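Asker: Chain residues, written in single-letter form:
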Amino acid sequence: MKNCEYQQIDPRALSVSPSSVQNHTEKKVQRLRRKWEVFPGKNRFFCDGRIILARQSGILPVTLGLIVVTCGLFFAFDCPFLVTHLTVFIPVIGGVLSLFVVTSLLRTSFTDPGILPRATPDEAADIEKQIDNSGSSTYRPPPRTKEILINQQVVKLKYCFTCKMFRPPRTSHCSLCDNCVERFDHHCPWVGNCVGKRNYRFFYSFIISLSFLTSFIFGCVVTHITLRSQDGKSLIQAIQESPASVVELVICFFSIWSILGLSGFHTYLVASNLTTNEDIKGSWSSKRCTEESGNPYSYNNIMTNCCVTLCGPMPPSLIDRRGFLPLVAASPATETELPPFPVKNDTNMCTKSTKDVLERLVRSLDSRGRCPPGAPKTTPVAVEISAAATPPAERSPPTGCSRQHAGRHTAAAPCPPFARGRERRDSFQSSNPAFRLASPSPSLSRTFILGEAPDVGFIPPP
Amino acid sequence: MATHSLQDMRQQASVAAKVFIQRDYTNGTVCHFQTKFPSELESRINKQQFEETVRTLNNLYAEAEKLGSQSYIEGCLACLTAYIIFLCMETHYEKVLKKIAKYIQEQNEKIYAPQGLLLTDPIERGLRVIEVTIFEERSLTR
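These protein sequences, in sequence, are chains A and B. Residue 426 in full-length UniProt numbering is what sits at position 426 of the first sequence, and the numbering runs on without skipping anything. Residue 135 in full-length UniProt numbering is what sits at position 135 of the second sequence, and the numbering runs on without skipping anything.
Bound-form chain B, shown alone (with noise of 0.2 Å):
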């Protein structure tokens, strides 16, 4: 019987090439990705639905680095309660990056994958990257 090693998988969809698109530090430290659209993805996708995609995902990443009174609140609860709050409760953060993780789930599935290509979650990049990994043209049938 014919084996199915991982290697046989990837050839059937093989990584041609991975951009990275990388921080914008302009602002400061808030977590904001480059909108500029990346050379090697022109032939995949259309430049407008890419730069709308990561300006949604920097509103998402602004949204959860606000300054605004709910993290103040949250932050001064956190104080009183020596910390331990957190251990107990969802931050403000965590509850936007899963946001951010079904946004990118459902961009894949919908726009990204049927070209070919694939949106890592910045998170598992320790946010520094977006990740978008190129797959070669090729049928997914032997």
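Only chain A is shown next, with the shape it has when bound in the complex (with noise of 0.2 Å):
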């Protein structure tokens, strides 16, 4: 069916100049856009939706900044005091933590933390069927919660206006970010995004990692002015010799409070199987629940809790930065200008490959399709307007949305360190144009990339 709607539109394209013929064509490449440009919540995207902050990311510069001026001034300045005088694992070790730190932050800041997708319409307004029949007249009905059983404890369950959907357990929603972020652990301005299901290992990485860091930069500096002041100096001149030092010290000797506390208290966190959220509103704690219950997620073994939370299995991404929008059916009217691109969600797209699966089923048993079967595609033009629906269908029809297709994909600009391996298996297609005429399918997706991706650039970080 999709076949037939697009060899429709083939004909009147023909019809008109190249040049328009190819402007249109663009205009058609251009409508077709990733899920991360139409997300809901406050997040910021890079590298064509690889990388999600959250929208106000002020102090993520500043710590990436400490962390590097503190290591900056330690290789320069007290590293080589050290190597002729204790030994050359100093800044061996230094280094090591110090890759360690700046990747944990990254991977902690640039991962989703396991934001939850806003519910589709026809959920919200079954959830709402079952809630309430009485066609209530206040905008705002009260809080509804739903109260269930999780190991023979009960919890409840929020109802959450803004993503439409009842929040699954430990699920909370953050404000700053404006999204349900599961396992929401809490929003931290220094990592400048949530801490949630995905993440949360990056962070207590990130964290302890950091805690030895800062001890290891502030034993060095003492030892070195230590030693520099037993060589017959006095204190006063041995810092007058090295003044870096003690910047360094005074950044580690208050960064070291805050960082160990910090550790020991995530630490505690993991081992019971608790949340920040959760331990902040006491929602476990023996004075509000009764003798039987108690956390209930937690295995009541502290090496059980901590594999779980820190070794168990990567959960995926729910929500599919890199998929593509279905693209809109353009009508004649609207060929002179680009219409406003409508969110189209997920229920269009499955409904169309459902009318796939239905379709060749139909057509199987009894011939008279009204489509000729087969390849619009071989037409050139029709080719690119098809393309982007039909690879849903060709390749899955079921589940139509192009959560498939997220790995495929090769941007025109691959962000190195977080290009995922089998995105980089694809080849790197140039810009030719007569590459999108003559290649056939598996091809198109990624015509459809070359062009898109003039327009989908880098968002600038503010």
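Think of the hints as simulated: they come from the structure by calculation, not from any bench. Hints should not be assumed to be uniformly reliable.
[As the list claims (entries may be wrong)] In silico negatives: residues of chain B with every beta carbon more than 12 Å from chain A:
| # | residue |
| --- | --- |
| 1 | 18 |
| 2 | 23 |
| 3 | 35 |
| 4 | 37 |
| 5 | 42 |
| 6 | 46 |
| 7 | 52 |
| 8 | 56 |
| 9 | 58 |
[Said to hold, decoys possible] Just so you have them, the derived chain A footprint on chain B, three or more residues with Cβ under 8 Å:
| # | region |
| --- | --- |
| 10 | 60-74 |
| 11 | 77-83 |
| 12 | 114-126 |
Since this is a predicted model, take the numbers as computed values, not measurements. Backbone N, C-alpha and C define an ideal beta-carbon position, used for all residues, glycine too.
Join these two chains into a complex; the hints should help.
Answerer: Structure below.
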């Protein structure tokens, strides 16, 4: 049916001049956007959706700057002295720790913390139907809760008015990011992102390695100054010879208290399988609960809790940032201008893909199919239009939505540190226009990316 | 020439209703869907068949989230490499998700589509629900 639909556009496009055909197809190509561009939460995306940050990431540069400056000063001013007086392993250990810290920090900041996509309109309507049929006149009905049993314990699920769904257990809505986040721990301004199910282990490794790093640098700087002042000089003289060490001392001294405290606190949380949110609210504290109840998520074994939180399976991102939005079928009137891109929900995509499945069945049973089977793709112009919609159908009819394509498409400018392996396997296509017309279906999706890449640039950080 | 718009297409196989199978949290936050058979599907599909589908999906999700030696090794290895390894390789969870997608596609083609039903992969609904779209029983030819 999609084949039919887009075949209709083909003659019209062919009847106009080639340049406007090009414009027309370019406009069509431009309209193919990724889901991150219409993401409803307050997040910013980079590298064509690979990197996600909260909108307010104000302190992340400060955090990075502090770490880089301190490590830089350490390697530049303290390491030479310590290498000659002690051992060469000092800069090696320092280097490994710094690398660990920076990597963990960037992973925490740039990873989706476990954002739950908002409910589709059908889902929201279904939930509303189940809650009340009375048709309340107030705009915001009283808070809705649902009580469920988890491990024989009563847990209240709250209804999220923004996301239009009952929040799963341990999920909380972050007002800064305007998203529901699974296993919500807290929104960390230093990291510039929420800490949730998917990036808690990165956050934990960040603060642990940072504790080690600050303690290590602090110890090394103290050793450095002590050794200098032992050579018959006074302390003041030693400090004057190496003023950078004082800067490092001050930074490390003030950081150590907070970082070590935070590490200790989070180690306790990990061992008891709690989140900061739950601990602060006292959801499972003994004062609020009866003797029988406690944390229903805990395995009552410290090792198991630690393993589950830190070494458990890595859940996937649920928001499908790099999936493609379904293409809008253009009517003749809108040819001259770019129509406003509607936020099509997944229902339409799945509906369309069902039609494919049903269509195929009908065609196989009864050859009175309305549309001639196969290949409008052979027509160059129609290729680009139909390919947008047909890849979902061709590759996976029931799922329809471009979830599966997230990994297969290459952006024109892959982001080296974060490009996934399977995307790298896809060859980088040059933006040769001839390529568009020459290649059949597997490369069609890439054509769109090439066409749209100039529009979807990096969003420059503020 | 007659233009086939999206609206026309919808009329050929219009959505009668959507049924949502919600998550079952009695065992914690693991991904597990309720196996209760919704009444709207009674006329379309066999109860055992449907429950079998949901049970298989639940088992697949349990396999994805299983806390076994493989997941621990994967987690520890990732920690040691500062989680860079997650950028290079596919995690166990993702492998199982692909298996699930294939299973749902297969079930749709063999069992549900002939009855005018469509299962949506829960991953596209944030693993919150299994959406079953019921299409009207109507001939697809005009």
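Asker: Would you mind marking each hint as holding or not holding in the structure?
Answerer: Hints, verified against the model:
1. 18: violated, 5 Å
2. 23: violated, 7 Å
3. 35: holds, 16 Å
4. 37: holds, 17 Å
5. 42: holds, 18 Å
6. 46: The claim stands: residue 46(B) keeps its Cβ more than 12 Å from every Cβ of chain A (closest is about 19 Å).
7. 52: holds, 17 Å
8. 56: holds, 15 Å
9. 58: holds, 16 Å
10. 60-74: With 7 residues closer than 8 Å to chain A, the region 60-74 of chain B meets the three-residue bar; holds.
11. 77-83: holds (count 4)
12. 114-126: holds (count 10)
The structure shown violates the earlier hints numbered 1, 2.
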